[in-house]
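So the sequence lines, in the order shown, correspond to chains A and B.
Number 307 in this note's numbering belongs to position 307 of the first sequence; there are no gaps in the numbering.
Number 670 in this note's numbering belongs to position 205 of the second sequence; there are no gaps in the numbering.
Since the hints were made in silico from the structure, they are not lab data.
A hint or two may mislead.
Unchecked claim - The calculated lysine-lysine pairs, modelled on DSS-like cross-linking and capped at a C-alpha distance of 27 Å, are:
| no. | chain 1 | residue 1 | chain 2 | residue 2 |
| --- | --- | --- | --- | --- |
| 1 | B | Lys670 | B | Lys605 |
| 2 | B | Lys716 | B | Lys740 |
| 3 | A | Lys61 | B | Lys700 |
| 4 | B | Lys507 | B | Lys676 |
| 5 | A | Lys459 | B | Lys472 |
| 6 | B | Lys740 | A | Lys459 |
| 7 | B | Lys740 | B | Lys676 |
| 8 | B | Lys716 | A | Lys58 |
| 9 | A | Lys264 | B | Lys565 |
Owing to the predicted nature of the structure, the values given are computational and were not obtained by experimental measurement.
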Amino acid sequence: MTIQNLIFLLVAVAGIGLFVWQVRKIRANILVGRDREMSGHVGERLNKMLLVAFGQQKMFKRITPALLHMVVYVGFLVINVEVIEILIDGIFGTHRVLQFLGPVYDALMATNEVLGALVIIAVIAFWWRRNRTQPVRRFTGPELRAWPKLDANIILYIEVILMVALFTMNTSDLKLHQLRGEDLPGAFPISSLLTGLFPSNLQALEVLERVGWWAHIVGILLFLNYLPSSKHFHIIISFPNVYYSRLVPQGQFSNVDSITHEVKAMLDPSYQVPAPAVGPDGSAAAPTPFGAKDVDDLAWTNLMNAYSCTECGRCTSVCPANITGKLLSPRKIIMDTRDRVEEKYNSPLIFQPNLYGAEAKHPEQEQLDKANHTLLRGYVTPEELWACTTCNACVEACPVNINPLESIIEMRRFLVLEESAAPNSLNVMFSNIENNGAPWAFSPSDRFNWADDLFVSEKEAVAKS
Amino acid sequence: MAEPTAKRQITVPLMADLATRGETPEILFWVGCAGAFDDRYKRVTRAFVRILEHVGVNYAVLGMEETCTGDPAKRAGNEFLFQMQAMQNITTFDGYGIKKIVTACPHCFNTIKNEYPALGGTYEVIHHSTFLQQLINEGKVGVAGGGEFKGRRITFHDSCYLGRANNIYEAPREVLAVLDADLVEMKRCKTNGLCCGAGGAQMWKEPEPGKKDVNVERTEEALAALDGNVAALDKLYGVESGNEGATPAPKANGQDSIIAVSCPFCMTMMSDGVKNKERENNVQVFDLAELIATAEGLNA
């Protein structure tokens with residue numbers, strides 16, 4: 001084992017170890033959410049994960065970004081096979097250890113090269129869609145300034161750098177072998193076009209090959225450790241997020257169990273309310289509020305939603321409230337949830353998105369109640385929550401099955417049940433239902449008036465039968 | 466063509482009356498608050514009852530025993546009030562041994578079908594669009610030749626609580642198909658359908674400040690589809706691509722066109738939208754049941 005191998009081993013272990021450490025922080029953040037029964041339905045859940053996450057089913061509602069994304073996604077999956085080779089070569093000092101695969105290796109290298117070139121084209125298209133004078137509408141909006149905007153571009157730049165490193169490594173390796181009159185195992189349709197651009201000096205080529213090799217693998221390890229600070233973490237967490245997404249009809253909202261017990265006890269005095277949950281030390285756990293005021297009042301799946309968000313804005317672009325100029329943006333609520341959980345609990349190690357232009361990201365922040373620095377009011381205003389029509393367009397649109405509506409309803413519940421802070425017109429509606437059994441102020445005794453003087457016209461033939 | 470017709474007065478059967486006679490009807494027609502109180506939607510209720518009577522369905526209604534399902538309370542976050550309403554209704558249903566419920570309101574439909582089971586009330590719940598589709602499939606409603614709607618341009622506005630909430634997209638379209646009309650789709654339809662703006666308890670409050678009202682946005686889209694005005698369609702936000710509807714041929718001023726709905730709140734919002742755009746002279750908003758009852762010649 002040479003010094004180079006040893007350095008590589010240390011770099012690889014450090015890179016992967018640091019990533020695991022960061023992921024554990026994220027896991028802890030997600031688990032501050034309320035528990036939710038999620039067992040069972042394994043087959044159904046796996047099937048959904050295969051279709052929606054692995055198969056990107058929901059991306060194909062919009063064909064252009066779906067195809068571009070598919071290129072980068074498949075490129076990522078296939079090129080990672082080469083990373084396995086790089087790891088083995090790096091540790092054991094071998095060179096292109098997988099060459100024994102013969103024709104399979106040829107096919108693999110050729111596919112890598114073609115995909116690598118396509119990835120660069122797709123990334124340029126992505127960059128253009130975001131950074132031209134009039135970007136795609138869903139890449140604009142108040143929540144997509146400052147860090148989120150920078151983050152999206154950093155990801156694109158890193159992807160190009162990784163691909164350039166790959167081609168540098170392959171082209172210089174190819175030219176080295178050509179100059180030495182040797183045959184390089186593998187097929188390199190793109191690099192063979194680039195050899196003319198490279199120097200013919202053997203030493204320079206050897207250096208370039210090493211630079212490309214190291215840049216590719218170190219770049220990947222750095223990118224890996226950037227993920228926990230970035231929206232790009234979706235490449236990992238979207239899989240469990242889709243797995244644990246809801247199986248029931250989208251129109252079905254959860255029933256609050258503690259309220260069911262109260263209502264049953266009111267209607268039937270003999271009803272036994274189950275004893276409150278007991279903490280690990282045997283003392284009664286603190287009563288949980290109705291609905292959600294802060295991130296730890298949400299279910300852990302809602303917090304996993306926040307870490308799965310790619311900030312693509314499909315939800316916001318179909319939201320009827322947002323389209324018509326209201327403050328509500330489902331994407332912002334999901335992004336706020338992630339920012340708040342990292343503010344209150346663990347931040348990722350390297351970049352801390354909350355430190356990057358939070359004021360620019362939330363221009364409404366000044367109007368927010370700083371004293372109540374919780375998810376509700378500290379990040380999400382009641383005005384946003386009350387603009388929601390619960391139409392499920394955001395839920396339907398999300399390619400990774402995030403459910404912004406659940407979080408919105410939980411915060412509405414807190415406003416209504418804990419603070420009695422519903423808009424006045426809704427309080428009138430509530431009291432109408434309580435007093436008249438209808439949301440409008442009509443007398444229950446008029447409820448059957450519609451049936452007065454009701455006639456049906458019947459054809460003679462029908463009337464006779 | 467005009468066959469001689471007779472006019473018969475309907476006595477809508479009440480669950481309580483049937484129970485005293487020891488009878489249980491096959492289905493409960495759940496009218497809903499809008500169907501019982503809203504002047505416009507009462508006409509839908511009456512149209513649907515005409516169809517039930519015409520087909521000879523064994524049905525009954527709860528009359529004054531009906532009370533709000535709790536949907537608006539639940540969507541607004543008042544879970545306590547919702548569960549009080551739900552428990553009360555479940556007690557009523559179970560008292561009459563009700564198994565099967567049909568309703569013309571997607572909100573009542575969704576709430577009873579999806580949210581009552583966890584509170585102890587499990588029933589077969591059918592929205593009237595699906596029920597009408599079944600009647601058509603069974604040949605009980607014919608609408609020979611499409612009736613008076615033949616050739617008229619109709620666009621269907623998807624209700625969120627029927628469509629995305631419960632994946633019912635085809636039943637209302639199959640019902641409209643028997644009218645032999647000129648059916649056109651809006652730019653945003655089916656899973657991409659745009660809300661009318663009334664869901665989630667918005668029906669009972671003023672909208673938050675914004676650029677325009679949701680129902681105006683939606684009505685502009687419906688009118689653009691009815692008029693075949695591609696330029697107007699393109700001006701609206703929408704999905705970037707993948708418009709599921711065909712581009713309708715231009716039609717001068719959308720004469721005699723219809724926006725078909727299947728929800729009382731959509732009915733209010735779309736009717737208000739048409740008035741806002743001052744198009745009530747040539748565009749009408751009808752529920753599926755009204756269209757079928759009229760085409761079948763049941764109005765009297």
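Against the structure, the hints:
no., hint, in the structure
1, Lys670/B - Lys605/B, "violated, 41 Å"
2, Lys716/B - Lys740/B, "holds, 20 Å"
3, Lys61/A - Lys700/B, "holds, 20 Å"
4, Lys507/B - Lys676/B, "violated, 33 Å"
5, Lys459/A - Lys472/B, "holds, 9 Å"
6, Lys740/B - Lys459/A, "violated, 36 Å"
7, Lys740/B - Lys676/B, "holds, 19 Å"
8, Lys716/B - Lys58/A, "violated, 35 Å"
9, Lys264/A - Lys565/B, "holds, 24 Å"
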